[in-house]
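Asks: Here's the letter readout for the chains.
Number of protein chains: 2
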Amino acid sequence: MPEPSVIRDVVARYVEGLASGNAADVAALYAPEATLEDPVGSGVHRGRDAITAFYADVERVRMRTDLLAVRVAGDSAAFHFRVRTELPDGAVEVEPIDVMTFDEDGRITSMRAFWSPEDVHPAA
Amino acid sequence: MPEPSVIRDVVARYVEGLASGNAADVAALYAPEATLEDPVGSGVHRGRDAITAFYADVERVRMRTDLLAVRVAGDSAAFHFRVRTELPDGAVEVEPIDVMTFDEDGRITSMRAFWSPEDVHPAA
Numbered sequence: 001m002p003e004p005s006v007i008r009d010v011v012a013r014y015v016e017g018l019a020s021g022n023a024a025d026v027a028a029l030y031a032p033e034a035t036l037e038d039p040v041g042s043g044v045h046r047g048r049d050a051i052t053a054f055y056a057d058v059e060r061v062r063m064r065t066d067l068l069a070v071r072v073a074g075d076s077a078a079f080h081f082r083v084r085t086e087l088p089d090g091a092v093e094v095e096p097i098d099v100m101t102f103d104e105d106g107r108i109t110s111m112r113a114f115w116s117p118e119d120v121h122p123a124a
Numbered sequence: 001m002p003e004p005s006v007i008r009d010v011v012a013r014y015v016e017g018l019a020s021g022n023a024a025d026v027a028a029l030y031a032p033e034a035t036l037e038d039p040v041g042s043g044v045h046r047g048r049d050a051i052t053a054f055y056a057d058v059e060r061v062r063m064r065t066d067l068l069a070v071r072v073a074g075d076s077a078a079f080h081f082r083v084r085t086e087l088p089d090g091a092v093e094v095e096p097i098d099v100m101t102f103d104e105d106g107r108i109t110s111m112r113a114f115w116s117p118e119d120v121h122p123a124a
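Residue numbers (UniProt numbering), protein chains in the order written: chain A, 1 to 124; chain G, 1 to 124.
Note that these hints are calculated values from the structure, not bench results. Wrong hints could be hidden among the right ones.
The following residues of chain A were derived to be distant from chain G, with all beta-carbon distances above 12 Å [stated by the list, open to error]: (1) A19; (2) A31; (3) E37; (4) P39; (5) G41; (6) A50; (7) G90; (8) I97; (9) R112; (10) P122.
Which stretches of chain G does chain A cover? Using the computed rule of at least three CB atoms under 8 Å from a CB of chain A, they are [said to hold, decoys possible]: (11) 9-21; (12) 72-82; (13) 111-117.
Glycine is no exception: its CB is placed at the ideal position from the N, C-alpha and C atoms.
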């Protein structure tokens, strides 16, 4: 089980990576056989290629992210963060809660994002 | 799958129930065969009797709770909340992130709480 400090560091790098906009960098935080479900209920993406494809969207938009809270328990973390995305019609914000599990090497083995379209609102 | 409004209502009743201090009322929000893991990694309690026993602690202490954020996705919810507990040596606070799943009738089928002892701090 990775140290809590390792898990916290990967979560911080993940949230920063979304804003930096490099899909390969974000996907590299995942284990090769990892799974991703974002949002929960929308279907599971499995494996590095599918995960890299999922994050290709982050390269197409300008985002700002802020980590609001992280809780580590066992090999898992739950965290609350804010994503502000610049769209042609104005900026929107959403504050998902994500849950991740990690392997011995601190790589993400699963990610599940809890949010729904009704949580997306125009940025203040 | 229950309506998001039903899930939100059960989450609110759960958080209020912790503060009201009646273990049977809190346990009644769960399905009979539900599971509870609090914190994640500490072992799973299964079934209404085990769950009622787990919440017996809430009857022994005075707590105040505040719901900070709820995100509903599919048949699941993740939520961030604050628990202030009055102890003989002073009040302590912790702000866990919990994840719950729900059955058709809006009963909790699983609860997993993400926090660790290092997240517990003296109340302001």
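Asks: All hints, please: hold or fail.
Replies: Taking the hints in turn, this is what the structure says about them:
Distance to chain G confirms A19 of chain A as a non-interface residue, since its nearest Cβ pair spans about 20 Å, more than 12 Å. Here A31 of chain A stays apart from chain G, with its beta-carbon at least about 19 Å from theirs, past the 12 Å limit. Listed as a non-interface residue, E37 of chain A fails to keep its Cβ farther than 12 Å from every Cβ of chain G; the least gap is roughly 9 Å. With a cut of 12 Å on Cβ distances, P39 of chain A falls inside the contact zone with chain G, its closest approach being about 4 Å.
Once the 12 Å rule is applied to beta carbons, G41 of chain A is inconsistent with being away from chain G; the minimum gap is 2 Å. Interface exclusion of A50 of chain A from chain G stands, the closest Cβ pair being 19 Å apart, more than 12 Å. Under the 12 Å C-beta cut-off, the non-interface status given to G90 of chain A relative to chain G holds; the minimum distance is some 23 Å. Look at I97 of chain A: its CB is around 4 Å from the nearest CB on chain G, not clear of 12 Å, so calling it non-interface is violated.
A Cβ of chain G approaches the Cβ of R112 of chain A within 12 Å, the least distance being about 8 Å, so the stated non-interface status is violated. Listed as a non-interface residue, P122 of chain A keeps its Cβ farther than 12 Å from every Cβ of chain G; the least gap is roughly 18 Å. Only when three residues or more bring their CB closer than 8 Å to a CB of chain A does the claim for the region 9-21 of chain G stand; here the count is 0, and the claim is violated. Interface restraint, the region 72-82 of chain G with chain A: holds (9 residues with C-beta to C-beta distance below 8 Å; minimum three).
For the region 111-117 of chain G, the stated coverage by chain A holds: 4 residues have a C-beta nearer than 8 Å to a C-beta of that chain, and at least 3 were required.
Hint compliance for this structure: hints 3, 4, 5, 8, 9, 11 are broken, all remaining hints hold.
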